[in-house]
Amino acid sequence: MSSGIFLVIVVAAAYFAAHVAFEWIGRRWLVVSGAEYLLLGILLGPQVSGVLSPDTVQDLAPISTLALGWMGTVVGARFYVPSLVRIPRGAFRVALAESCITFLVVTLLEVVAIMWLFDAPLVQALLPALALGGIATASSSAGVQLGTRGLDEQDAGVMYLSAAVLVNAVIAVVIFGLLASIWHPSVVVNGRPLTATEWMAITIGIGALGGILFQLFLGDESDPDRLFVALAGGIILVSGAASHVGVSPLLSTLVFGAMLVNISHVSDALVAALDRVQRPLYVVLLLFAGAAWQPSTSAWALPVALFLAARIGAKVGGARLAARMNGAMPILGRQWGWALVGQGGLALAIALNYVYQDGGTLPYFVFTAAITSVLVTDLLSARFVRGVLGAVLDQQVPGTTEPDVKVTEKLESVPSSPKLGW
Amino acid sequence: MRRLLILGLLLVGMQLLVPIGVERHGSVLLAFGFLVLAAYTSGEMFASMRMPKIVGYLVAGMLFGPSIMGVVDSSAVSRLEPVASLAIALIAFLAGAELRWSEVRERGRAIMMILGTELTMTFVLVAGAMIAASRYIPFFENESFKAVVGFSILFASIAVVHSPAVTMALLTETRARGPVARTTLGVVLVSDVVVIVLFSAALAVARVLAPPQEGVSTVGLSEIVWEIGGSVLVGAAIGLGVAALLLVMKRELGLFAIVMTFLAAELARLSHVDVLLALLVAGFVTENVSGGRGEKLRHAMERSAAPVLVVFFALAGAGLALRTLSGVWWLVIPVVLIRALGIWAGCRIGVRWAGIPPKAGDNIWMGLVAQAGVAIGLAAVVTEVYPERGAPLQALFLGVLAVNQLLGPILFRRALASSGEIPNGDGDIESEEAEDSIEEQPATATAG
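Protein chains in written order, with this note's numbering: chain A, 13 to 434; chain B, 115 to 562.
Next up, chain A with everything else stripped away, as it sits in the complex (with noise of 0.2 Å):
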């Protein structure tokens, strides 16, 4: 038998064993499934088995930036306004407010930390501390949604936190979108190069052009098969092109999922059609960042450890000083942040993005760091929700001192199945 047939069989035997032994622990104790996609991709990879050459890695990249797309869509269509109205104001600035905590923070953490440990100046460690605030902001929708399944969604706990994971996504992807502008190779147009501010207006120009072409283009189509394949065109093209100048295809598609979404006659059916397939997308970012990874050239494992400490201190004060600012402490309750604590899909997203940027310093450090980051916090992820929901609920029940059974029930009895989301 060739090395390359073995080595094919062991990483399918890795893959199924770990997707049973997931799916297993999943339904024991609640927890995200995902992670044996990205161990698969790094089984698969260069760095281990070699399966995926890095050219082939490298012929992949397409797809990979699709998944991206994919992702920036599903986040934009979040934003439909007629939904986002019913949610209080106050959750809005909560989340804002916890966001930009957690970015300056770990901003101004990881930045000392790369100067000091990476002996950079603060050029070269500006922008991967910047990434890397970016990519802590970012919180993990699949934990959020697990751990509030079966629980009203007009419930205040669950609209706070519903906001703030959207506002947390589309903060991680408008910073990381505004880095990709500014730190834009220069192109050169009638003579003068392309200033940030033209690129940031290219980036949002593709998403909105492409948004309003594709409704065009759509009409009132509504069959699933066709809606699915025409939006999936309508991704790859906004991406594409996002891709192709040099900016960030996250928020050019989250733009043009926003617009899709908004002015569409059939939004439920789009959403429907983006649903279909974003579980797949997902797992297959997952495996191309796996397959992806590379060890970082520097000594990275301090600085990623500070990553993590400083991300989740950042989260849990932040979200604290948040709800306190606001007033929302009553509906949040002391340690809401931890329900922000998981990390997933998105994380991994701006990273990878990261590391296909042109002109990105410390690459692999910051990919290693999200990484690192999604693997030790989305599988956790539900069950910080859940703890920071059940103590909530069972503080607001009125005329008791002891937990309420029925929240604590309730909430046990949320089926485990995996969720979509990022």
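Since the hints were made in silico from the structure, they are not lab data. Built from N, CA and C at the ideal position, the CB exists for glycine as well. Be careful, since some hints might not be right.
Unchecked claim - Not the full set, but computed from the structure, chain A residues with beta-carbon under 8 Å of chain B:
1. 71
2. 112
3. 237
4. 239
5. 240
6. 244
7. 249
8. 251
9. 256
10. 257
11. 258
12. 295
13. 320
14. 370
To be verified - So the derived list for chain B, only partly shown, Cβ under 8 Å to chain A, looks like this:
15. 117
16. 124
17. 126
18. 134
19. 135
20. 140
21. 142
22. 146
23. 147
24. 150
25. 151
26. 196
27. 308
28. 311
29. 420
What the hints assert, rightly or not - To list a few chain B residues with every Cβ distance to chain A over 12 Å, as calculated:
30. 193
31. 195
32. 219
33. 239
34. 409
35. 532
Take the given structure of chain A and dock chain B to it, following the hints.
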């Protein structure tokens, strides 16, 4: 019309972005996205004319591919090769899974009879016509008679190839079920094995009659035996493995199918067997060994078939090198007609020999006209063995293939519709003669 206008606007927008482009894989994705939208639009236009969508996908691929407009250039087509490979692997697995053992037992004799007569007639007619008309064929001008016979045999052995991908795509698109659909699928799948043997034999004869230049690599008998036998063995092993895994895989079957197909194709490639054949066998074994679980997997794969077909056929259309036809284009239509005549005559004889009622049986030939995948691979082998002398032969063959790829789905759809095997949206049959035809189906099947 509205969609064509927007495609035009998108094309203009793409041209505006080209000068400020900085990243290579972004341009591939940009072109690919446009191709998918164009193929989708073209497919819908063809469907509104009651023609198969896949013809629309192919036409869009050809139109926007490197040969005509060049929106998708040849480097983009080659960079999208892994996507097309995965798509064809999925289609092959699905095609194999369509065939049930009970059906093979029921229709096996009829399938073999039709296949035998159809292949023989097509091979003889195409080879005979090439030899007879050799003095008019430019690339045979400087060849001896023996060499002409050798190349004609080689050409005919590729001309007999059918297309499981087109057959499967049409059956998925039309949801046709009936004796014509099932018998055609059976013939096409079995022919995939037979044509490799036939081609190998033809190549051996051609090497004697028209010796290749020295230093050209040779293909030994053991390699041919392994390519076929190994494909069956590897495919069966994969099928058994998948069937075993289906015992524990309860959810996310669509995802499982994609990962499994990717790994299976990789395994087949590393084992140096024919990927298409191995995946066909794997699909067949999985479906027939795992009982109802295999059917669930097949349904999960069928649900994601629509985008896979768009991608595969649009890329197939873009991949057709139409420019190479310049010197031999006038030969294409005669060869297509002679091939079609061979298939028609062979099927008529086979159908009568097998005792299938002519009303259903006489439509089967239309399902065998399409060509794709394997044929391109075999044509490439010819140019490997005969780098200079084989090139015009390959160009002619690609021209024939392009026409058959467009003509085949149209004819097959017509065959299915006139046999009353295409249900409409309500699950009824499209043809007016539907009920009569359906009532005749069990008799047909039994006769087969």
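Hint-by-hint comparison with the structure:
{"no.": "1", "hint": "71", "verdict": "holds, 6 Å"}
{"no.": "2", "hint": "112", "verdict": "violated, 31 Å"}
{"no.": "3", "hint": "237", "verdict": "holds, 4 Å"}
{"no.": "4", "hint": "239", "verdict": "violated, 10 Å"}
{"no.": "5", "hint": "240", "verdict": "holds, 6 Å"}
{"no.": "6", "hint": "244", "verdict": "holds, 6 Å"}
{"no.": "7", "hint": "249", "verdict": "holds, 3 Å"}
{"no.": "8", "hint": "251", "verdict": "holds, 6 Å"}
{"no.": "9", "hint": "256", "verdict": "holds, 3 Å"}
{"no.": "10", "hint": "257", "verdict": "holds, 5 Å"}
{"no.": "11", "hint": "258", "verdict": "holds, 4 Å"}
{"no.": "12", "hint": "295", "verdict": "holds, 6 Å"}
{"no.": "13", "hint": "320", "verdict": "violated, 29 Å"}
{"no.": "14", "hint": "370", "verdict": "holds, 6 Å"}
{"no.": "15", "hint": "117", "verdict": "holds, 6 Å"}
{"no.": "16", "hint": "124", "verdict": "holds, 6 Å"}
{"no.": "17", "hint": "126", "verdict": "violated, 11 Å"}
{"no.": "18", "hint": "134", "verdict": "holds, 5 Å"}
{"no.": "19", "hint": "135", "verdict": "holds, 5 Å"}
{"no.": "20", "hint": "140", "verdict": "holds, 3 Å"}
{"no.": "21", "hint": "142", "verdict": "holds, 5 Å"}
{"no.": "22", "hint": "146", "verdict": "holds, 6 Å"}
{"no.": "23", "hint": "147", "verdict": "holds, 3 Å"}
{"no.": "24", "hint": "150", "verdict": "holds, 3 Å"}
{"no.": "25", "hint": "151", "verdict": "holds, 4 Å"}
{"no.": "26", "hint": "196", "verdict": "holds, 6 Å"}
{"no.": "27", "hint": "308", "verdict": "violated, 27 Å"}
{"no.": "28", "hint": "311", "verdict": "violated, 25 Å"}
{"no.": "29", "hint": "420", "verdict": "holds, 4 Å"}
{"no.": "30", "hint": "193", "verdict": "violated, 6 Å"}
{"no.": "31", "hint": "195", "verdict": "violated, 8 Å"}
{"no.": "32", "hint": "219", "verdict": "holds, 32 Å"}
{"no.": "33", "hint": "239", "verdict": "holds, 40 Å"}
{"no.": "34", "hint": "409", "verdict": "holds, 20 Å"}
{"no.": "35", "hint": "532", "verdict": "holds, 26 Å"}
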